[in-house]
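Q: Based on these hints, arrange chain B on the given structure of chain A.
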Amino acid sequence: MAGLRGGAVTFRTKLLFISSLTVAGAVALVTGAVSISTRRAFDAIDRERRQALLTQFRDELAARSSEVARRVELAASSRGVQQIAAGAAEYDHAQTEAAAAALDFLDVVELDLTIISSAHWPARFGYKNDWQIAPDDWRTSDVFLARIPTPEGSVMALTAVRPVAGGKALIAGGRRLSPELLKSLGVAPGMRALLWLPPGEIIGAEGPVADPQKLASLIQDVRTTNGEATGTVQWTADRASSEAFLAMPITRAGTLTGVLLAGTSLSTQLGLERSILRTGLVVGASGIVIGVLLGWWTTEKITRPVERLAAGARAVAGGDLSARVEVLSRDEIGELARAFNRMTEQLLEQRDRAIQAERVAAWRELARRLAHELKNPLFPLQITIENLQRSRDSVEFDEIFRESTTTLLAELGNLKTIIGRFSDFAKMPAPQFEMVDINEIVRGVIKLNFQAERTGVKPVLELANEDTRIQADPDQLRRAFGNLVLNALDAMSDGGTLRVRTVLHDPGVRLEVSDSGQGLTEEECQRLFTPYYTTKQHGTGLGLAIVQSVVSDHHGKISVSSASGGGTTFTIDLPAAQPDPLTPTGEIA
Amino acid sequence: MGRTALRWIAAGNAILALAVALEAARRPRYGGELRVEMRAAVASLDPSAVSEDPVALGAQRQWMPLVFETLIRLDNQGHPQPWLATSWTHDAEHKAWIFPVRKNIKLHDGSTWSPAGGSITISDDRPIEQILRELAGARSAVVVKAEDGTLLGTGPFRVARWDAGKSATLVAHGRYWGGRPFLDSISIQMGRSLADQASDFQIGKADAVEIAARDLRAPKQRGTTIANTPPMDTLALQFDGGRIPAPVRQALALSIDRASIHNVLLQKQGEISGALLPKWLTGYSFLFPAERDLPRAKQLVPSPQSLTFGYERQDAAIRPIAERIAVNASEAGITLRQATGTADVRLVRLPVTAGDPWLALQDLTAVLKAAPLSPAASPYEAEKALVESSGVIPLFHLPRGWMLSSKVKNWPHFEDVWLDSGAAQ
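Chains A and B supply the protein sequences, listed in that same order.
1 is the number of the first residue of the first sequence in the numbering used here; add one for each residue after it.
1001 is the number of the first residue of the second sequence in the numbering used here; add one for each residue after it.
Calculated directly from the structure, the hints in this document are not laboratory data.
Please note: incorrect hints may appear among the correct ones.
[To be verified] Straight-line Cα separation of at most 16 Å, EDC-like style, residue types lysine to aspartate or glutamate; simulated pairs:
#, chain 1, residue 1, chain 2, residue 2
1, A, 557, A, 512
2, A, 128, B, 1331
3, A, 557, A, 506
4, B, 1268, A, 90
5, A, 214, A, 238
6, B, 1268, B, 1215
[Stated by the list, open to error] Not the full set, but computed from the structure, chain A residues with beta-carbon under 7 Å of chain B:
#, residue
7, 91
8, 125
9, 128
10, 258
From the three backbone atoms N, C-alpha and C, an ideal C-beta is built for every residue, glycine too.
Next comes chain A alone, as it looks inside the complex (with noise of 0.2 Å):
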């Protein structure tokens, strides 16, 4: 994944994080303080506006009243009224005053209230007038609201009661409270004035409200106070819908009569706001982009050597003490390359050193060691020479040369063993493949390790059941495998058990071969590859080296694992088919 290496985020990556969030966080800060500002800029203006509508619709219904009042002053003094309260008019004659008067609800009554004639609802002329005016109110001078039921329902009016034909009969006029009332309001632009009258209708200047319920709590504020109150409403899922409304009661002798609302629509501050927040996301958004991009360029400048020094040193740790870093720069980062270089310098020399060092070692120990070699056959030789000069002249000469030449023939053929091996070694063939089967190379090794008798050590083999047939040299796996057990056998002078053992192990078998010996050291373990090493006071040091030579020929592994007291195990996996000859891949553990 971009950004992870290994599974942990990279420090390109956090620097980006980190300038990004920098950036977007310091947008979102200004967006918000900005939101924040505008919407109480909003709410304060508004709240202003609010009020004026309530205080514009307060005095508008007082205008209204008044001229409510007026019309059915004039229709009660008017002659048609009289006639109809004298019973010498039409029934519906009060559709005509009421037209006249432009009242919209008009009734004639009879102090009984049995309807004489009714201008808005004619059919009911002998029924009584169920208009929702209190009794009281049949003689107030006052206008007030009242429900009127129509053929379609009933609708509420500003009323006035007056007394006709000298107080024979009365007339009850009134003007429907209608959505022209609230238009003639003029209202600015994203701003209504409604009015709620029980029990539950709501009016606005386009008509009655749908939905009327989501403003019922605010009408039961209202109730519940008997004042002022403010709240907001959602209209519609969309958020844009909201309207904040300022409620004011309108009370007749201390009765709730309605509810003037005036609601402003939150579209334009939620419209700001939101542009507000798009810009913000634009401008955080662009912020990111350029921040990214500013610190792509920063962490390129920052990280591009640091990787490189990184590089450099997975180079090192893999061997590679030539690889250097490009200093690209004067600054602390520069300084650490020019640092990393002159160490990996440092290291480079030093093991040049060390090889120099060990070269020398060897060929000293090559030296020791032949010479020890070497020494041990020439003392009888020279001994036997000598015996030879001193008995040149004496009787048993013949029986002297006879034996000396004997024991120097003999000795000869000790320097001949030793050289012919320190040979073999220089010249290990090539390895010829063909499929062997591992268990039947341990099994002749053991047999021919133990045909005769050897006191104390026991052989238990623990062979796979699988096929553990691989493609193999036989001849070399027998001699690595032989030396491996001779090896074992002198860690086990004294007796112990010899436990080898095969399994099936992915690409191939593995070889387990161990001893109850006293085991190795630490430092025995890491050189007892190392030719002409040895733990043992007549080895060459040639054994295991030979059997790491076959092994890697083979293109195996072989380690070594032992505990001081615990024995040492050697462990051997071999692939079952060799890979392309051109890429020989065995390795030590």
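A: Quick look at chain B alone, frame taken from chain A:
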């Protein structure tokens, strides 16, 4: 002769001249076109056609005799009188009837209509005393189909132009057996609302227009000539099929305050009735109950009911009555919601199309789509059965009123109507 005698002679001459002039003014004159407007939209004058629209049917039955005539006609008392037939005879068992036909009856195309033998014989296996009544019905009018398919009649007017439902022109039949009518032609505008008719009458575009019964008083007070028929229309509530339960129908009938409507809305014109046919035609209409019984209506409708209610909104005479009925019904717990098109109950005008109860009931049966009348039943029994089977609620019988210009004379007998061109407009 003395001066006094000369003065008397001069005065006598003047009186004589005035009398002659007055006599001349009263004498019918030939010529002129009578312009008539009406609400009904009559599709055809074909006597065999029975319009589903009661108003149109009533108009058709009113105008059809001007074009198509019957052998027999009923007089104002409902007695059969010879018309195209000069007389009739029958056998003792009333199974065979012979109707000698007038001579020289001319069809509208000028040809002579003369049945073989100069008479028409009708016979049956059973006695057919009712044949005279049936022959007086519109459906028994003499109609001859011309080669081009035109329907030819024998009446005083022929159809010169017919735009179905909109307008028509009837032209005088010059060779009418009863003598040419005075009018040259009658122009009829159909489908005109009462308001439009009144307007046309005011500006002189029409000579005869309809007027609602409740509005008769005012024009009469202004001096306008009003022709008022006996109650010829029955206002009734007609239910849409049998969907509405009988108790609801009965409760609605009992909830209606007919008296208030008659006194106030109809200005006491016409008569309150629970019968389909008016009293003048049958004499038994009082047998059909028409009183309001609101407590009983409420008992019949224990839970509120809501019905759709339709009426002809263009009919200014009907609308206030419908509104009042809705108010009355609401007291009984029945809400009548105004509806256009199909409605549970409709306020309709049912025409009295004939001067004979049987003939009128036959047309009403067709209009109400009710089962045929039983020939054996009396008119009362037949009408009672028709009211019950159709579920109709008769309310009022209303006269048909006409406003006539002052030049229209001898209304409503169209054969004798003439126009006084010297009369003030």
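Q: Against this structure, judge whether each hint is valid.
A: Verification of the supplied hints:
1. A:557 with A:512: 12 Å, holds
2. A:128 with B:1331: 12 Å, holds
3. A:557 with A:506: Status holds; Cα separation ~12 Å.
4. B:1268 with A:90: 13 Å, holds
5. A:214 with A:238: 15 Å, holds
6. B:1268 with B:1215: 11 Å, holds
7. 91: 5 Å, holds
8. 125: With a minimum Cβ separation of about 6 Å from chain B (threshold 7 Å), the hint on residue 125 of chain A holds.
9. 128: 11 Å, violated
10. 258: 27 Å, violated
Violation of the numbered hints given earlier is confined to hints 9, 10; the remaining hints are satisfied by the structure.
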